[in-house]
Amino acid sequence: MDIIVDLLLAILHHFLVFTLAGLLAAEFALVRPGLSGASLDLLGRIDRAYGGVAMAIIVVGICRVLFGVRGWEFYVANHAFWGKMVAFVIVGALSSRPTMRIIAWRRSGTGVVPEGEIGAVRSWIKGEIFFLALVLVFAAAMARGVGS
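Here our numbering is used: the first residue of the sequence shown is 1, the next is one more, and so on.
Among the hints, erroneous ones may be present.
Unchecked claim - Distance windows between CB atoms, simulated:
1. Gly109 with Trp72: 17 to 27 Å
2. His14 with Leu42: 23 to 33 Å
3. Gly147 with Gly92: 42 to 52 Å
4. Lys126 with Ala38: 47 to 57 Å
5. Ile58 with Ala140: 17 to 27 Å
6. His14 with Gly145: 11 to 21 Å
Because the hints were derived from the structure by calculation, they are not lab data.
C-beta: ideal position from N, C-alpha, C; glycine also.
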């Protein structure tokens, strides 16, 4: 039974991470000059989903550590695991700036995004993409026993 739970948690974890990457790509595609109206509303919904998926990744990840076949001892002693955690925390920290701007844009009531802010938000999202890629690098290293 433990192997089934471990497998299901791993599958869910992977689906969530790929969903997060897709949502981040969608945000990057939408944040461009001319962003307004319906696209801005869609961006707000995508950003909320992004936050929810990130939280689900954390919950499922904790479940994998606590209930997975490898046991928490494997994770806490693995340097690649901690690299992955740090990279994911950085992704979360970087995501706060775009989220705050998206909220402000939507609350402004104009439905129009100041062109000067687009480039800055795109830069923050690029940072998120970079550190999310590092999460995947550390995950691949962990899967191959690197960092133990």
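| task | Determine whether the Cβ-Cβ distance between His14 and Leu42 falls within the hinted range of 23 to 33 Å. | result | holds, 26 Å
| Does the Cβ pair Ile58, Ala140 satisfy 17 to 27 Å? | holds, 20 Å
| query | For the pair Lys126 and Ala38, does the Cβ-Cβ distance stay inside 47 to 57 Å? | reply | violated, 25 Å
| Beta-carbon spacing of His14 to Gly145 - inside the hinted bounds 11 to 21 Å or not | holds, 19 Å
| said: Please check whether Gly147 and Gly92 have a Cβ separation lying inside 42 to 52 Å. | reply: Given a distance of about 21 Å, which is not inside 42 to 52 Å, the answer is violated.
| request: Go ahead and decide if the range 17 to 27 Å is satisfied by the Cβ distance of Gly109 to Trp72. | output: violated, 49 Å
Checked against the numbered hints listed earlier, the structure breaks hints 1, 3 and 4; every other hint is satisfied.
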